[in-house]
Amino acid sequence: WTTYKSRVVQYLQQLAIITPYARLSMDYSNRSDEKKGMTLRFERRSEQMPAQAREVKHHPRSVNNLLVQQLLERTSTRT
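Per our numbering, residue 29 is the first one in the sequence shown, and the count goes up by one each step.
Calculated from the structure, these hints are not laboratory results.
Treat the hints with care, since some could be wrong.
[As the list claims (entries may be wrong)] Estimated spans, in silico, between C-beta atoms of each pair: (1) K85 to T30: 42 to 50 Å; (2) V37 to Q98: 16 to 24 Å; (3) T31 to R73: 26 to 34 Å; (4) L100 to P48: 37 to 45 Å; (5) K33 to L99: 42 to 50 Å; (6) K64 to L100: 51 to 59 Å; (7) R35 to R69: 12 to 20 Å; (8) K33 to P78: 42 to 50 Å; (9) Y56 to K85: 39 to 47 Å; (10) T30 to Q80: 23 to 31 Å; (11) G65 to Q98: 42 to 50 Å; (12) N92 to R51: 39 to 47 Å; (13) V84 to L43: 15 to 23 Å; (14) R106 to K85: 29 to 37 Å.
Beta carbons are placed, not taken as given, at the ideal position from N, Cα and C, and that holds for glycine.
Could you put together the complete structure from these sequences and hints?
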């Protein structure tokens, strides 16, 4: 835990920044040494929820034959 503690804390801080509408908390307790336990809490900074995500179209460079085949199978229009 001592090796990755700072990474976990940094991740939660970054997550709290990009999701201001979420309330995050983490409680860690060490059974052998109570002084090593910690509690993190990030309260909501916004009550407004973001708009629902829209489907993103594929970039032409990321399209391969398998993806084209899957897209053709899902479409209802004749090509």
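Okay, the hints, checked on the actual structure:
1. Against the hinted window of 42 to 50 Å, the Cβ-Cβ separation of K85 and T30 comes to about 45 Å, which satisfies the hint.
2. One distance hint, 16 to 24 Å for the beta-carbon pair V37 and Q98, is violated here, with the actual separation near 40 Å.
3. Between T31 and R73 the beta carbons are some 30 Å apart, a value that agrees with the proposed interval 26 to 34 Å.
4. Hint check: L100 to P48, Cβ distance near 40 Å, so the stated range 37 to 45 Å holds.
5. Taken as a hint, the range 42 to 50 Å holds for the pair K33 and L99, whose Cβ atoms sit roughly 44 Å apart.
6. Under the hint 51 to 59 Å, the C-beta atoms of K64 and L100, about 56 Å apart, fit the expected range.
7. Separation of R35 from R69 is about 19 Å and conforms to the stated range, judged on CB atoms against 12 to 20 Å.
8. Between K33 and P78 the CB atoms are about 30 Å apart, so this pair departs from the stated range of 42 to 50 Å.
9. Checking the proposed 39 to 47 Å range against Y56 and K85 shows it holds: the Cβ atoms sit about 42 Å from each other.
10. With their beta carbons about 41 Å apart, T30 and Q80 fall outside the hinted range of 23 to 31 Å.
11. For the hinted restraint 42 to 50 Å between G65 and Q98, the CB-CB distance of approximately 48 Å keeps it satisfied.
12. One distance hint, 39 to 47 Å for the beta-carbon pair N92 and R51, holds here, with the actual separation near 41 Å.
13. For the hinted restraint 15 to 23 Å between V84 and L43, the CB-CB distance of approximately 22 Å keeps it satisfied.
14. About 20 Å separates the C-beta atoms of R106 and K85, a value inconsistent with the hinted range of 29 to 37 Å.
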